[in-house]
Amino acid sequence: MERPSWAPQGIDLSMPSVSRIYDYYLGGSHNFEVDREAARRAIEVFPGLPKLMQANRAFMRRAVRYAVDRGITQFLDIGSGIPTFGNVHEVALAATPEARVVYVDNDPVAVAHSRAVLDGNDRADIVAADFRDPQAVLTSEPVGRLLDLDRPVALLLVALLHFIKDEEEPDKALAELRERLAPGSLLVLTHASTDGGPHTARQGQEISDVYKQVGSRLVMRSAAEVDRFFDGFELVEPGLVAMPNWRPEGSTEHEDPVVFTGFAGVGRKA
Amino acid sequence: MNTAPKDADGPGAARPHRPGPHSDGLRRFATIWSRAVYPTTATCMTRAEFEEHLVPLAELLSRTLHARPFDPVPARAVGQELVAAHCTAPESLPQILGVVDAYLLLYCSDPDRLPAEEGRARCARLQHAIAAGFARALQERTRAEQEALSRAALKAQSEIERALHESETRFRAVFEGATIGIGIGTLDGRVIEVNSALTRMFGGNEEIVRDRRITSWVHPDDGPTVWRLYDELVRGERDHFRAEKPYHRPDGTVLWTHLTVSLLRDPDGTPRLMLALMEDITERRLLHLRLRYEATHDALTDLPNRTLFFERLEQTLAREGDAARFGLCYLDLDGFKTVNDSLGHAVGDQLLVAVAERLQNCVKGPGQLVARIGGDEFVALINDPHSTRDITDLAERALEALSTPVLVDGRELPVRASIGIVEGPAGERTAAEVLRSADITMYRAKAQGGNRYELADPDSDARVISRHSLTNRLPAALEGHEFFIEYQPLVRMCDGGVEGAEALVRWEHPRHGVLGPDRFIPLAEHTGLIVPLGRWVLEEAVRQACEWQVRGIGGARPLRVNVNLSPRQLSHPDLVSETVAVLENAGLPPESLCLEVTESAMIRADDAELKPLRQLAELGVGIALDDFGTGYSNLASLRRLPASTLKLDRSFTRGLQQHPADPVDLKIVEGIVSLAHVLDLSVTVEGVETAAQAAHLRELGCDSAQGWYYARPGPPERVTVPLPLAAAQ
Chain Z
1 MERPSWAPQG IDLSMPSVSR IYDYYLGGSH NFEVDREAAR RAIEVFPGLP KLMQANRAFM
61 RRAVRYAVDR GITQFLDIGS GIPTFGNVHE VALAATPEAR VVYVDNDPVA VAHSRAVLDG
121 NDRADIVAAD FRDPQAVLTS EPVGRLLDLD RPVALLLVAL LHFIKDEEEP DKALAELRER
181 LAPGSLLVLT HASTDGGPHT ARQGQEISDV YKQVGSRLVM RSAAEVDRFF DGFELVEPGL
241 VAMPNWRPEG STEHEDPVVF TGFAGVGRKA
Chain B
1 MNTAPKDADG PGAARPHRPG PHSDGLRRFA TIWSRAVYPT TATCMTRAEF EEHLVPLAEL
61 LSRTLHARPF DPVPARAVGQ ELVAAHCTAP ESLPQILGVV DAYLLLYCSD PDRLPAEEGR
121 ARCARLQHAI AAGFARALQE RTRAEQEALS RAALKAQSEI ERALHESETR FRAVFEGATI
181 GIGIGTLDGR VIEVNSALTR MFGGNEEIVR DRRITSWVHP DDGPTVWRLY DELVRGERDH
241 FRAEKPYHRP DGTVLWTHLT VSLLRDPDGT PRLMLALMED ITERRLLHLR LRYEATHDAL
301 TDLPNRTLFF ERLEQTLARE GDAARFGLCY LDLDGFKTVN DSLGHAVGDQ LLVAVAERLQ
361 NCVKGPGQLV ARIGGDEFVA LINDPHSTRD ITDLAERALE ALSTPVLVDG RELPVRASIG
421 IVEGPAGERT AAEVLRSADI TMYRAKAQGG NRYELADPDS DARVISRHSL TNRLPAALEG
481 HEFFIEYQPL VRMCDGGVEG AEALVRWEHP RHGVLGPDRF IPLAEHTGLI VPLGRWVLEE
541 AVRQACEWQV RGIGGARPLR VNVNLSPRQL SHPDLVSETV AVLENAGLPP ESLCLEVTES
601 AMIRADDAEL KPLRQLAELG VGIALDDFGT GYSNLASLRR LPASTLKLDR SFTRGLQQHP
661 ADPVDLKIVE GIVSLAHVLD LSVTVEGVET AAQAAHLREL GCDSAQGWYY ARPGPPERVT
721 VPLPLAAAQ
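Protein chains in written order, with the working numbering: chain Z, 1 to 270; chain B, 1 to 729.
Honestly, the hints are just simulated from the structure, not real lab data. Only a predicted model underlies this, so the values are computations on that prediction, with no experimental measurement involved. For every residue, glycine included, the Cβ atom is placed at its ideal position computed from N, Cα and C. Some clues are possibly wrong.
Just a few of them, taken from the derived set where beta-carbon distance is under 8 angstroms, the chain B residues facing chain Z [what the hints assert, rightly or not]: (1) Arg141; (2) Arg151; (3) Lys155; (4) Ala156; (5) Gln157.
So that you can see chain B by itself, here it is in the shape it has in the complex (with noise of 0.2 angstroms):
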C-alpha cells in the first residue's frame, strides 16, 4: 500500500485510535468484505491473505470517514489497492461498494465523532471515491498491460524480422558464394535469377544467360531424356531431375554441366518455380574421354584394345534380328618370338606398329573394327558380313598386306600370319566363345603351316574344346577320387607264373564314363597335374603291391609292380625321395617296384636327367624301358641308361601272330633279345594275344609277357586268380 491519508486531521498512523471495540468492527468489516469480493477476485491470496490484505484499506475508510475537514480524495487509493490485488472483473465493483454502503457506518464508524445522517452522507461520498479509484486504476492498468503487450509484440517481431534478415543474408551469401552455378526461372522458362558462378560457366555476361529463355538452351549432344524430364518436371508431374548437359558459350565454345533441376512449389502444392544446380564439368568430361580413349585404346598401335573389342563384339552379338550376323578374323603373326627374341623387343615393336597400320589399311567401312587383343594377336570384327567371301576376303587381303615384308632398322622383315575366322549370326554364343573358337581355328591354320586363313568348323572346336573341358575338370577329378587303377599281369615266360602287374590309370568320369590314360594322361602332363597324380598312382600302386605280399600271393617270389612315369615326373626334383617316401611309408622292398618310362623320354634325357633314375636304380628299384622300338631305338644309347628291363612294343611281335610267324620280325625280335641280354636286360614283351605268339616268344628267349592273351587290365583282386591260359602251360 502506497498511497497514505495526506491530511493532518485524518486518522493517520501517528494519531492513536481508540482500541478495542472499534479495532474489532474494522476485522469484522473486512471479513464481511472479503467473503463478498473473494469470488469475483482474480488473485493468488488465499482468502485469509485477502482478509488481511483488505484490514488496512478499512482502516483507511475508517479515518477517510472521520476526518475533519472531510475530503474523500484519499478513498481513492482504496479503489486502486483492490486493482491491483485482481479485482479486476467488472463485477468486484458492486461487491466493493454494496459491502461498503452496507456496513462501513456499522462496524467502522464512531458515532460519538459522526452524527449518523452526516456518516451517510460521507459513506457515498467515499464510494464515489473508491469507484473513481477503481476505474482510474483499472484504466491506466489495461493501458499499461495493452502498451506493455504492443512492445512486447513488436519486440518479438523485429527480433524475426532480424532473424529473417540474417537467414537472408545468410542465404544470399550462399547463393552468391556458391561455386556451384544457381539460377532460379519461371515455369514458362524466364529465368529470373542467377548466381554469380553460374555467369562465369556462360562466359561472364548476365544478361545473356538471363535474356533467353529456358528452352532455347538446345545442344545437339543432349541426352535423349533431358527434354521430356523437363516437360515432366514443369507439369508438376516430377520434382527433380539430373542430366548431364551441354550448352553453347556465346564464344562458341562448348560449357558440360551436371546439371540438377528442382521444382519448387507454392505452401499448397502448386509448382511455382524452378531451380537449377550447375556443375561445370567440362574438364572432368575432357579428362574422362582421354581416360576412356587409353583404356580402350593400345598404348603402342593406337588400336582399339582388347576391353573395347570385347565391348563391340559383345554389342554386335546382343543385336537381335535375323539379319544380325557377324564376322570376326582372329589373326596371330608366325613366328613373331623369333623376332622378338633374336633382334629384341624394340624392334619387336616397330613390327607390331607397321602390322597394325597395313591390317586398318584393310578394313574400311562402317561397322568394321580391327583391334589389337594381345602381343602379337589382332583381330578385325565385321558387322552383318554379306556372305562368307566378305570375311575371307578380308583375311586375304590382310595376308596380302602382309606379304611385302616390313622394314626395320634398314632390316627386311617377312612376316606371316595365321589366321581362324568365325562368322555366324547374333545372339547364339558368347563373346568369350566366338572368341575361343576362332583362338582354335587359328592354331589349326598354324598347324597346317602358317600364313593362311582357316574357318571355323565345329567338329574341331568340339575336338579341341573336350579335351578343353577334360583339362579344365583334371583338379576336381584328382580331389573327388574319379581315378582308380586296374592291374594287368605280367608273366614269367619260363613257368607261366604271375611275376607282377602294370599299374593302369583309369578316369571315371561323370559323363564320358571310363576313359584311358591316352584321354587324360597328356593333357596332365600339359598342365603338371601328371605330378600329384603320378604321386597317387604311385602311392596306391605301391599299397597294393604290399598288400598282396602281405597276403603271400606270388608265393616265394613276391609280387612285384609297374608303374609308368611321364616325361614331366621325370624331371620332377622330388622324384627321388619323394619314391622313398612313398615305399617306406608302405614297407615295400625297392625291388619290388619297376618304374616304366618311355623309351623316347629316356633317349631324351640327357645326363643330369638320368641321374634320379641312377639312383634308383642303385637303390633296387627296377627301371623298363617302356614301348622300346617306337622311337629312333637308338641301340647304341642303351648302354648309358639305368635300364633293367627292356618293354618290346607290340608292333614287333603283331607278325609273330600268324603261323608260320614272319620270319622278318622273328630275326628282329631274336637280335633285340640277344642284344639286351647282352646288356644284361630282361626282356618284356607287351600285346602277347594269341598262342601261336607266346609259343614263339618263349622260344625266342623273351624273359616275360603282357597281353591279353593272358589277362586284360582289371581290378586288383583278379591279379590274385590263377591265370587259367598260363596255368594250362
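Bound conformation, chain Z alone (with noise of 0.2 angstroms):
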C-alpha cells in the first residue's frame, strides 16, 4: 500500500544529508560520519568543492546587499540548508533592520536547527516545505506573516536548482513562484556547470554519482539551460557569470581558479 501524502516523511540519519554535506564543505560540525564520508568522497573527486562553496555564500551576501540598496527588504531563501555563518538575515539585518527572512527547507534536521538558531527572531523564520510544492510554500504561515507578496521580493535560489532533475519540472515550480511575486521582485541564483569553468564534463558525471549514491541526484546544466530559468526575469547587470565575477567586491585575480565553476545571476522581473 502507498503511504498516504499526509503521513509524515521520517528522518533516516544512516543516510547523508545534502545540507549537512555542505555544512562540512563551508567547514562546520553540523554534520554526522554519514555526512562527511560522502562529503569527502566529493571532495575526492573535485577538491574545490570547499572554495566553491564559500564563493556561493560570497556571492549570495553580495546579492543580498545588491537587493538591499534596491530598497528590497523582503527575502525568500528557497533550499536554506543548516544556518552555519553569514546567513541571509544576518547580511540583509545588517544592511538594513527592515529586513524579513523567510527559509525553506524540506530537510527536518536542517529546520529543527534553523528553529533553534531562529528562536526568539521576529524578523526571520523557516518553512518545512519543497520548492517542488511552491502553493506549500507561498500558502505558509510564515510567509503570509513575514512577508507583503504585493511588494518586490528577492527570492534566493542559491545551490539549489542542480537538485531537482528536469523531470520534476523546476521550470513549472519556478513559473509558479514568478506569478505570485510582485514587479521588482529579484530572482538570486547559482547552478553548478562543468560548462565554461576548469572542470570537466567526466568530473561533474563522477560528482554526480557520488550524490546519486548518497540519495541525492546533482544536474549540470549548461549556460543556456540555467539562462531558461530566467524566463520572466530580466537579468540585471552583468548577466549570467562565474560567481566571482558577478559585482565583485575587490579583485578576482587571487581567486582560486576552481571558483569560477557554475553560474550565478540575478533576474528582476518586469
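From these two lone chains plus the hints, build me the complex, please.
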C-alpha cells in the first residue's frame, strides 16, 4: 500500500544529507560521520568543492546587499539548509533593520536546527516545505506573516536547482513562484555546471555519481539551460557569470581558479 | 571581538601608542597574515574585509607582546577570534602561527621597549597561547555544533514521531469509528484485527470472529467464484476482489455482505496481509429480493408477470443442444370484456384470480411456468416437452379446469378460453416471434368459435405476418411515394364516349411488386392511415382531372373523375372542408368529381354520418353508390341517400355475358335500372367484359359502363386516347 500523502516523512540519520554535507564543506560540524564520509568522497573527485561553496556564500552576500540597495527588504530563501554563518538574515539585517527573511527547506533536521537558531527572532522564520511544491511555500504561515507578496521580494535559489531533475519540472515550480511575485522582485540563483569552468564533464559526472550514492541527484546544466530559469526575469548586469565575477567587491585575481565553475545571476521581474 | 586585554600595564585602548611607523607595521603585518591565512578559511568575507578583521588582532598581539609583566594569556583570544572567522581547517593553524613567528617581531615590536632576545621568547609564548586559544575555541565550537545538530535531529525526530502518532491515532479512529466492517488477516487465514463494526455485524462477540479461520466461513449460497478469487489473492496473483458473500451468524441468521478484500504487500512486493472491508447488505438484499419479486409478479393473481415470463422464455430459447425444445400455450379468455363491462372490474378481477388459480393447478412439475402477461391473457411455458401431446394435454386440462363456472358474489360465471399453442426447438426463434405466433394461433382458435385450442401453423402465421409487415410498411410507403394511381375510363352508353374515369390506387411495393387496393386498403382502413392516403388519392385524381380539362380532353363535356371513399373517411370530421379545399386549390368544378361510397357503408351510416355527403352533393359533387347489389340492397333506403349514381356490381351482369342472356338476370337488371331512374339516379355498370354484355346493358337503359371490354385501368395518358372498341360502336 502506498503511504498516504499526509503521513509524515521519516528521518533516516544513516543517510547523508545534502545540507549537512554543505555544512561540512564550509568547515562546520553540523554533520554526522555519514555526511562527512560522503563529503570526503565528493571532495576527492572535485577538490575545489569547499571553495565553491564559499564562493556561493560570498555571492549570496553580495546579492543580498544588492537587493537591499535596490530597496528590497523581503527575502525568501528556498533550500536554505543548515544555518552556519553569513546567513541571509544576518547579512540583510546588517544592511537594513527593515529586513524580513523566510527560509525554506525540506530537510527536517535542517528545519529543526534553523528553528533553534531563529528562536526569538521576529524578523526571520523557517518553513518546512519543498521547492517542488510552491503552493505549500506561498501559502505557509511564516510567508503570510513576514512577507508582503504584493511588494518586491528577493527569491534566493542558491545552489538549489542543480538538485532538481528536469522530470521534476523545475521550470513549472519556478513559474508558479514568479507568478506570485510582485514586479520588481529579484531572482537570485546559482547553479552547478561544468560548462565554461575549469572542471571537466567527466568530473561533473563523477560528482553526480557521488551524490547519487547518497540518495541525491546533482544535475549539471549548461549556461543556456540555466539562462532559461530566468524566463520572465530580466538579468541585471553583468548577466549570468561565474560566481566571483558577479559584481565583485575587490580584485578577483587571487581567487582560486576552481570558483569560476558554475553560474550565478540575478534577474528582475518586470 | 569580545576579548580585551585585562592587565593595566598592557597596551590597552586607553593608552596611546606612538603613531606612524608602528601603525603602518600593524597594517603591513595584517596584510601578510591575511594573504597567508585567507585561502584556508571558509569565511564569506572578502579578502579586504578579512584583512581589516585581522588588524585588531595584530594590535592585540602587539600589546600583549609589550606588556609588563608579560602575560601571553590574552593572545588566546586571537586563536578564538580566528576560529570565529571560520579559520577552522587544521591547515589554518600553521599559516596563522607561521606568520606570527616570522613577522610579528619585525612589524609589531618596538625594539626600544623590547630587546630582541626577550621578544623572540615572548613571541614563542604568544604562539603557544594562540594555538591554545584556537584549539579550545575549535573544540568548543565543534562540541556546540554537534550538540546543536543532535538536538535538531532529536527534535525533528520527535516532531515526526508526534506526527506519526497523530496519524496512527487518526487511523485508529477511522478503523474503530468506521461504519463499514474492517478486518485484517494473515495469508494463512488467521484474523488478527477486526473493528467494532465488523464485530457488531457478527452479533457482537469479537472472539467468535477472531477464533475462526477465514477459510471456515463457507456458506452454501457462496458465489461460484469467491473462493477461487480468495486463493488467487492469497497466492499474490490478484490484488483485490469484490463479492457478495453470506455468512452464518452465531445465532443462526444469515449476514449478507458486500465484501472487498485487498492484498497488502511489503515495500518489496511480497504479499503479507489481507484487508477485508465488509458492508452489511442483509436488509438491502431483502428489499432487493422483494422489489425483484414485485417487479416480476402480477399483483392481482400473484402469478409471474410478463417480465418474468419473457426472461424465462428467453432463457428457454437460448439453450443449446438438439434436445432443447419448448412448448407454449397462449390463453385468452373469450368475452372477458363483456364480463368487465357488464359486471364491473371488481368481478372481472375476482374471475381472473380464480382463473389464475385453476391454471396454476394444471401446471405442475419443474420446467413449467404459468404467467399472466396481460389483462385476460395467460401463458404456460413448458421446457423440453416429450411430444406435442404434452402440450395439447396441458391445453385440454386448462380448458377442462375452466369449464366449471366460477362463483363470484353468488353468481356463476361461465368461463371460456381460446388457446394458441406453439412448440419447437430452442434456438431458432426469438421470444417475440414465438409469442407472435402464439398470439396469431390463439386468434385462429377464437375465429373458429373459441373455447378451443389450435396448434400454430407456419402458413397461417405467414399470412398474418405478411399482413402485419405490409401494415407496418404503409406509413413509409406513403412517405416514400410508393403509391400511384391508375385510371379506368367510364363510358357513356348512348354514344360510346368517355365521360370520365375511376381513380384506382396501386402500391409499388419494393419487394412484392405492384399490389392492388384489396391487399392494402383494408389494412390502411384498420390503422387509420386511410385518411392521409385517401387525401393523397383525392388530391392526385383532382389534379389529374384538372389537367384533362385544361387540355380540353372530353370536348364540350369535361371529363369527371371518380374517387373511392372508405368508411373511415366517411366519418372523418374534415371530409367536407378538405374536399372543398382540394377542389378549390386545383380549380376543378365540384361537378367534375364523383365520390364512390360502398353500398354497405352508406346503408350503415346514420343521418349524422350522411350529412357530410349531403353537403357535398349540394355543392355539386357526384355521389355514387358503389358495389350496389353486394349488400342487403335495401331498395327502400335508396330514397334517403344523397346518391346521384348507382354502380351495379358485376355479379348482376355476369349472366348477361353469354348470348342469349340469362332471362332472370335480364329481368333483375331491368328492374333495378327502372327503379333507379324513378329515383333520379343514373346507373353505371361495372365489369363489362363482352360486346354482348355491352349491347344488353345499353338496351336495358344503363347510362354508363366500365370494364375490360372498354379499357383496363392504366396510366392517365391512356384515358385520352380514343377507345378502339367504344369508337367502333
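Next on the checklist: Can you verify the interface hint for Arg141(B): is its Cβ closer than 8 angstroms to any Cβ in chain Z?
Outcome noted: holds (7 angstroms)
Checklist entry - Taking the least C-beta to C-beta distance, is Lys155(B) closer than 8 angstroms to chain Z? => result Constraint on Lys155(B) satisfied, holds at 4 angstroms.
Checklist entry - When the nearest CB of chain Z is found for Gln157(B), is that gap smaller than 8 angstroms? => result holds (6 angstroms)
Next on the checklist: Can you verify the interface hint for Arg151(B): is its Cβ closer than 8 angstroms to any Cβ in chain Z?
Outcome noted: holds (7 angstroms)
Checklist entry - Would the stated hint for Ala156(B) survive a check requiring a Cβ distance to chain Z of less than 8 angstroms? => result Status holds, d = 4 angstroms.
Of the hints listed earlier, there is not a single one the structure fails to meet.
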